[in-house]
Amino acid sequence: MEIDKEKCVGCGNCHAVCTMGVIYLDEDGKSVVNQEECVECRTCYRVLRNEGYRPWFVRAVRKILGVFRLGYLAEPDVCPTGALTPPPLQWPRSIRATFSDPSTVHEGTGVHGRGTDEIKSNEVTGRLREGDVGFVVELGRPGIGARFRDIQKVSMALAQAQVQFEPENPVTQLMTDTKTGRIREDVLDEKVLSAIIELKTRMENIGQVLRVLEEVQHQVDTVISVGIASKCAADGSVVHESLVRQAGYKLSPNGKTNLGLGRPLFQER
Amino acid sequence: MTNTLHRQGDVESLKGDFVVFAHTAKSRNREGSGPKIREFMRICLRHNPVNIGDAKQGNVHQDDIDINKLISQQGDGAAAAAVFADMESLQKVIEDLIRADLGICINVSGLLEEVRACCVKAGIQRHSVEHSLGFWGAKDRLPERHILEIHTMCGHGMVSFNLIRKMIEQVKLRRLSAKKASKILAKCCECGAFNPKRAEQLLERFSKGIT
Numbered sequence: 003m004e005i006d007k008e009k010c011v012g013c014g015n016c017h018a019v020c021t022m023g024v025i026y027l028d029e030d031g032k033s034v035v036n037q038e039e040c041v042e043c044r045t046c047y048r049v050l051r052n053e054g055y056r057p058w059f060v061r062a063v064r065k066i067l068g069v070f071r072l073g074y075l076a077e078p079d080v081c082p083t084g085a086l087t088p089p090p091l092q093w094p095r096s097i098r099a100t101f102s103d104p105s106t107v108h109e110g111t112g113v114h115g116r117g118t119d120e121i122k123s124n125e126v127t128g129r130l131r132e133g134d135v136g137f138v139v140e141l142g143r144p145g146i147g148a149r150f151r152d153i154q155k156v157s158m159a160l161a162q163a164q165v166q167f168e169p170e171n172p173v174t175q176l177m178t179d180t181k182t183g184r185i186r187e188d189v190l191d192e193k194v195l196s197a198i199i200e201l202k203t204r205m206e207n208i209g210q211v212l213r214v215l216e217e218v219q220h221q222v223d224t225v226i227s228v229g230i231a232s233k234c235a236a237d238g239s240v241v242h243e244s245l246v247r248q249a250g251y252k253l254s255p256n257g258k259t260n261l262g263l264g265r266p267l268f269q270e271r
Numbered sequence: 006m007t008n009t010l011h012r013q014g015d016v017e018s019l020k021g022d023f024v025v026f027a028h029t030a031k032s033r034n035r036e037g038s039g040p041k042i043r044e045f046m047r048i049c050l051r052h053n054p055v056n057i058g059d060a061k062q063g064n065v066h067q068d069d070i071d072i073n074k075l076i077s078q079q080g081d082g083a084a085a086a087a088v089f090a091d092m093e094s095l096q097k098v099i100e101d102l103i104r105a106d107l108g109i110c111i112n113v114s115g116l117l118e119e120v121r122a123c124c125v126k127a128g129i130q131r132h133s134v135e136h137s138l139g140f141w142g143a144k145d146r147l148p149e150r151h152i153l154e155i156h157t158m159c160g161h162g163m164v165s166f167n168l169i170r171k172m173i174e175q176v177k178l179r180r181l182s183a184k185k186a187s188k189i190l191a192k193c194c195e196c197g198a199f200n201p202k203r204a205e206q207l208l209e210r211f212s213k214g215i216t
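Line by line, the protein sequences give chains Y and P.
For the first sequence, the numbering used here assigns the number 3 to the initial residue and increments by one for each residue that follows.
For the second sequence, the numbering used here assigns the number 6 to the initial residue and increments by one for each residue that follows.
In short, the hints are calculated from the structure, not lab data.
Hints are supplied without guarantee of correctness; some may be wrong.
Pairs of lysine-lysine, BS3-like flavour, derived with a Cα cap of 27 Å [claimed, not checked]:
1. Y/Lys32 - Y/Lys65
2. Y/Lys9 - Y/Lys32
3. P/Lys31 - Y/Lys202
4. Y/Lys252 - P/Lys41
5. P/Lys144 - Y/Lys155
6. P/Lys184 - P/Lys202
7. P/Lys144 - P/Lys185
8. P/Lys184 - Y/Lys181
9. P/Lys97 - P/Lys144
10. P/Lys41 - P/Lys74
11. P/Lys97 - P/Lys74
12. P/Lys177 - P/Lys74
13. P/Lys177 - P/Lys20
14. P/Lys144 - Y/Lys202
15. P/Lys61 - P/Lys41
16. P/Lys202 - P/Lys31
17. P/Lys185 - Y/Lys252
18. P/Lys97 - P/Lys41
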């Protein structure tokens, strides 16, 4: 994101809205974006309504109020002068928007933003079958962001654990080799709001995947949100629950449930 | 998209937070799904969701969003979501969706045992389940737990920690009501999975120092 300095009046509303907290007031009293840390999520541009005031008018009002020791207080969800300007993005920077802005559709997956199907369409795709377990390992979330160099550390560690990376996943599609989990060189320094490594393995391998995550989590400078999924047994029970608990981990009371209403149903042989 | 998987909070608070969303798969049930997704949205709308929207067009709490226009413009594969603040509404929505037999994939995020009970009551067994295993890695970089309770209601991470802090402060100073502040937070969440009703309750609590 860029801020038009001709228009900016330094109200600071975009500072709070910024998902990465990387907009600040420059020495000239106008806001500026730290381009190195911005993930191009465009939240500031979408959320802050352009009030359409002329910059000279807002500045004059502020000056007059200042004389009387009064502050200029814009509504928190506006940009008084429409100073936020999304620039055209070139590769590899454009990957920041692909992974950080949920209103963009990823070309490879057809899903909005960094998303993947996970279990959300499992009844029609058979992505996770009986005996399979899926992991979603999301780096950068909540609210910290991640560089692909860190994401690669985790994907390369997981590749050692007899896992199969999900082909229709945005991170897998950046891998040069799914056997090693290596990610293409030109994106490694790019920062995104978050990215999801998605994989499946067999139920008996749950402990091994968790052990790998346990070790690699200390090698990255970001947070990781981990999820685990599987197809339910005929009575609706969840097979992975007891295996995760046996491995010494706690499961959340809440989560995602696929109701199985999609058609045509995937038929397991 | 794991966007509704990691919602934080105690069980009592999560009892008022269920996200129902439609999904389709390429080459399976995505093609021609537009009318079915629109019907999904109309069914959800009948049961008074506290939020509703799709990732491409936004949600009802954003400026200039007309829900009927939003629904009419939904095409194949639109990522549609609606949030419900009580079990009774969720039960009715699930029953209506089963009756409608749309053939698109329907998922619910929320307390798993409560959702399972709704399924059983409606005469179906759940197909697949996903749990959160929590946050790993550099957890020392995370903010306080109560900030995360609000932040994780937008799984795409569009509601910044700083905005949440600012809204708590604005409610504390009575510059904004908790309702108005929660609406501002909901504007940030593009897909409509954010629960402004729960956010309002949390802001009321947090602004009084109860975390």
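Hint-by-hint comparison with the structure:
Among the hinted pairs, Y/Lys32 with Y/Lys65 is consistent with the structure: their alpha-carbon atoms are about 15 Å apart, no more than 27 Å. Restraint check: the Cα-Cα separation between Y/Lys9 and Y/Lys32 comes to about 9 Å, which is no more than 27 Å; the hinted pair holds. Note on P/Lys31 and Y/Lys202: the hinted pairing holds, with a Cα-Cα distance of about 19 Å set against a maximum of 27 Å. With a CA separation close to 37 Å, the supplied pair Y/Lys252 and P/Lys41 exceeds the 27 Å bound.
Distance check on the hinted pair: P/Lys144 and Y/Lys155 sit about 17 Å apart at the alpha-carbon level, within 27 Å; holds. For the suggested pair P/Lys184 and P/Lys202, the alpha carbons sit about 8 Å apart, so the restraint of at most 27 Å is met. The straight-line distance between the Cα atoms of P/Lys144 and P/Lys185 is roughly 31 Å, outside the 27 Å bound, and the hint therefore fails. Between P/Lys184 and Y/Lys181 the alpha-carbon distance is near 50 Å, which puts this suggested pair outside the 27 Å criterion.
Taking the CA atoms of P/Lys97 and P/Lys144, the gap is about 39 Å. The hint is violated against a cut of 27 Å. A C-alpha spacing of about 16 Å is found between P/Lys41 and P/Lys74, which places the hinted pair at or below 27 Å, so the restraint holds. Proximity of P/Lys97 to P/Lys74 is assessed by CA-CA distance (about 24 Å); at most 27 Å being required, the pair is judged to hold. For the hint linking P/Lys177 to P/Lys74, the alpha-carbon distance of about 36 Å lies beyond 27 Å, and the restraint is violated.
Proposed proximity of P/Lys177 and P/Lys20 is supported: the alpha carbons are some 26 Å apart, at most 27 Å. Our distance criterion of 27 Å between C-alpha atoms is met by P/Lys144 and Y/Lys202, whose separation comes to about 25 Å. Simply put, P/Lys61 and P/Lys41 have alpha-carbon atoms about 17 Å apart, close enough for the 27 Å limit, and the pair holds. The hinted pair formed by P/Lys202 and P/Lys31 fails the criterion: a straight-line CA distance of about 34 Å is larger than 27 Å.
Restraint check for P/Lys185 and Y/Lys252: not satisfied, since their Cα atoms lie roughly 36 Å apart, outside the 27 Å limit. At most 27 Å may separate the alpha-carbon atoms for a hinted pair to count; P/Lys97 and P/Lys41 meet this at roughly 18 Å.
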